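Enquirer: Keeping the supplied structure of chain A fixed, place chain B upon it in accordance with the hints.
The listed protein sequences correspond, in order, to chains A and B.
Going by my numbering, the first sequence opens with residue 17, and the numbers climb by one from there.
Going by my numbering, the second sequence opens with residue 150, and the numbers climb by one from there.
One or more hints might be untrue.
What the hints assert, rightly or not - Derived DEER-like restraints, expressed as beta-carbon distance ranges:
| # | chain 1 | residue 1 | chain 2 | residue 2 | range |
| --- | --- | --- | --- | --- | --- |
| 1 | A | 209 | B | 177 | 53 to 61 Å |
| 2 | A | 153 | B | 427 | 53 to 61 Å |
| 3 | A | 205 | B | 440 | 34 to 42 Å |
| 4 | A | 185 | B | 456 | 31 to 39 Å |
| 5 | A | 159 | B | 177 | 17 to 25 Å |
Said to hold, decoys possible - Here are the simulated DSSO-like pairs of lysine-lysine, each with C-alpha atoms no more than 30 Å apart in a straight line:
| # | chain 1 | residue 1 | chain 2 | residue 2 |
| --- | --- | --- | --- | --- |
| 6 | B | 305 | A | 203 |
| 7 | A | 148 | B | 327 |
| 8 | B | 256 | A | 202 |
| 9 | B | 426 | A | 104 |
| 10 | A | 136 | B | 305 |
| 11 | A | 225 | B | 477 |
| 12 | A | 202 | B | 312 |
| 13 | A | 136 | B | 327 |
| 14 | A | 104 | B | 403 |
| 15 | B | 312 | A | 203 |
| 16 | A | 107 | A | 148 |
| 17 | A | 203 | B | 477 |
| 18 | B | 364 | A | 148 |
| 19 | B | 477 | A | 136 |
| 20 | A | 107 | B | 426 |
| 21 | A | 136 | A | 90 |
| 22 | B | 427 | A | 104 |
| 23 | B | 312 | A | 136 |
| 24 | B | 305 | A | 128 |
| 25 | B | 426 | A | 90 |
| 26 | B | 477 | B | 327 |
| 27 | B | 371 | A | 128 |
| 28 | B | 312 | A | 148 |
| 29 | B | 477 | A | 148 |
| 30 | A | 148 | B | 371 |
| 31 | B | 305 | A | 202 |
| 32 | B | 427 | A | 107 |
| 33 | A | 90 | B | 427 |
| 34 | B | 312 | A | 225 |
In case anyone wonders, no lab produced these hints; they're calculated from the structure.
Owing to the predicted nature of the structure, the values given are computational and were not obtained by experimental measurement.
Built from N, CA and C at the ideal position, the CB exists for glycine as well.
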Amino acid sequence: MFEQYLRQAQQLITEGRPFVVALVVNHVSPISGKPGDRAIVTDDGKLWGWVAGGCSQVIIIEEAMNVLNSGSPKLIQITPDPDNSNSKITKHKMTCHSGGTLDVYLEPVVPKPQIVILGKSAVAQKLETLGKAMDFQVLNRLDITRLTNSERTYIVVSTQGDGDEAALEQALSFKPVYLGFVASHKKAEAVKAILSGRGIPKEQLDTIKAPAGLDILARSPEEIALSILAEMVMVFRQQKGVVDKPVEKEKAIDPVCGMQVTIEGAQHVFNHSSIDYYFCCAGCKEIFSQEPERFLANKD
Amino acid sequence: MIEILNEFESQLDQGSVFALATVINTWRSAPRAEGAAMIILPDGTMFGSVSGGCVESTVVKEARELMGSGGEARRLSFGVTNEDAWSVGLSCGGEIEVWLETVEDQKVWRKLIELVRSNQGCVLVTGLEQYNGSRAIFTGEGLDELEALDLAEACKQAYIQHKTQISEGYFLNVFPSKSRLVIIGAAHVTLDLVKLAGAFNFETIVIDPRGIFTKEDRFGVKPDQIYNDWPAEVLPDIKLDADTYVVVLTHDPKIDDQALKIVLDAGVAYVGALGSKKTHAQRTMRLKDAGVPEEQIEQIYGPVGLNINARQPAEIALSIMAQIIGVKNQHL
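Here chain A stands alone, though its shape is the one from the complex (with noise of 0.2 Å):
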């Protein structure tokens, strides 16, 4: 279970995917999740692994989902008389019938920026160095055409005046997150004005970040390829929301328990009176069906 956990992770960071490691961290009885137990929540909110029981399952994806967009871990319980009021832990109604309490450590593995690097300038292949030392990955400049995510892409454009503006007209095409120009201010507005003759819009020449790098004084090759390495962890730790907001989905209320399930791709549902009912779970279906009047007179 462990191992295939940790091939599972490896082969998303090998595509490039993000997701969230949902971790219990602790528990008390009575609840099925253990703590160690893990699971995989991909983008899509599909959960590989085990955590706990279905209708915990349904928050740690949420949860998983808002982590994934604010880029930062979180702490979650769920339990069955949460109070948020004093608490830096994000409480949930623990509605199933089990009635423990589940902590759960969710962190986000966004991947990693791929950079490419454009020019054979001493600063290109510093970069390129430094890159790999830092566990970036540099991407050939033959590989440019691989690049799919434009939310990963990473581009320094270091020419030195031997073809400015087609590598910067190749990077734009891009829409790449981040594109330093390493040239000095002077330099970038010359480039900037040929390339705006040439039709390319001024909020994607706005993108480009001239001179490339924060500003540390920099003056060797070296020195220039730290600053920009340095930019682009800010810039990528800057990014928020790796995926798409979640779409709110419809809700139902589990007329049992009480919990919210989304109707789209329900598993548990029971139809009465010609009206489906959503469960969290087949035991609060099963109690249900044997006695719905009880539950629908209930609610009113």
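Expert: Using the frame of chain A, we list chain B on its own:
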């Protein structure tokens, strides 16, 4: 050149005449940078390399010819597109030029070795063809033998930019002095920081009294010095000057504060301390209570590193290195 300095010195000591080949110019993806050098002995033995194997055999052949004939120093060119006399080339597609000369025991070489050993930055100046291989050393105070002002300025610029290069017929080989980076605490950030600092030519010294962290096999790139001891025991024996940069990374006030009190008083170039704003506020209070002057406390960069929202150890190390380079460059 620096990589073969020991061998170079031992050849001088033996009083033998030998050849020195130095990369003076590169284009495109040359395997070794300007300044890379190799020694060739009369019997063909070589130390160091100028191309990582592509053209060494030709260089050795030329060198033996030069030593045999007692001819003048000369420039050799190698490249894939070169259709001249050279049948060998660089498979990587780069081009290089190599300066080949014979070496005898002269004052200028001894001076160079002494400067490098004592960590004093300098520029070794070689006059190429039109200057007949003449030599001088620029140390910042002026040229020893050549007194051309333009050349002194070119040396200064080359030194500031750490750029070994040809300028107006002279080859300027830069030997930068190493700054010192003292790191208190040897946990994860330190491993990445040592690696980075090495790439920026810092001498690295790691101090951590917690034994488990100072095991050398944890380091991908080993620090120059590593001490499994308290900062108060080690720091008094380390040069803490305007070329020294210190970061405290243990998260443990017992260790960090002890180091901070010493280095703040020593007047080092940079002091950074790991921890959140809140942690740093607490640290400030503790240091104040301990009687550390406020103007010293204000010099601490805390939270340490450029604010780039660094999360992982490697990113934190990067933010620290970038900050240190920024501070260092202010002083140039």
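Enquirer: Hint check: residue 107/A vs residue 148/A, CA-CA at most 30 Å. Holds or violated?
Expert: violated, 41 Å
Enquirer: Regarding the pair residue 202/A and residue 312/B, is the alpha-carbon distance no greater than 30 Å?
Expert: holds, 23 Å
Enquirer: Within a Cα-Cα threshold of 30 Å, do residue 203/A and residue 477/B meet the stated pairing?
Expert: holds, 27 Å
Enquirer: Regarding the pair residue 104/A and residue 403/B, is the alpha-carbon distance no greater than 30 Å?
Expert: holds, 29 Å
Enquirer: For the pair supplied as a hint, residue 305/B and residue 202/A, is the alpha-carbon distance within the 30 Å limit?
Expert: With Cα atoms ~25 Å apart, residue 305/B and residue 202/A stay inside 30 Å; holds.
Enquirer: Run the distance test for residue 148/A versus residue 371/B: straight-line Cα separation, threshold 30 Å.
Expert: Since the Cα atoms of residue 148/A and residue 371/B sit roughly 18 Å apart, the hinted pair holds (cutoff 30 Å).
Enquirer: Look at the Cβ atoms of residue 209/A and residue 177/B and judge whether their distance stays inside 53 to 61 Å.
Expert: violated, 29 Å
Enquirer: Under the criterion that the straight-line Cα-Cα distance not exceed 30 Å, is the pair residue 312/B, residue 136/A satisfied?
Expert: Since the Cα atoms of residue 312/B and residue 136/A sit roughly 17 Å apart, the hinted pair holds (cutoff 30 Å).
Enquirer: Does the beta carbon distance between residue 185/A and residue 456/B stay inside 31 to 39 Å, or does it fall outside?
Expert: holds, 33 Å
Enquirer: Please work out if residue 312/B and residue 148/A have their alpha carbons no farther apart than 30 Å.
Expert: With a Cα-Cα distance of about 23 Å, the restraint between residue 312/B and residue 148/A holds, given a limit of 30 Å.
Enquirer: Run the distance test for residue 305/B versus residue 128/A: straight-line Cα separation, threshold 30 Å.
Expert: violated, 40 Å
Enquirer: Does residue 90/A pair with residue 427/B here, judged by a C-alpha cut-off of 30 Å?
Expert: Roughly 20 Å separates the two Cα atoms, so the pair holds.
Violated hints, in rising order: 1, 2, 3, 8, 16, 21 and 24; the structure is consistent with all others.
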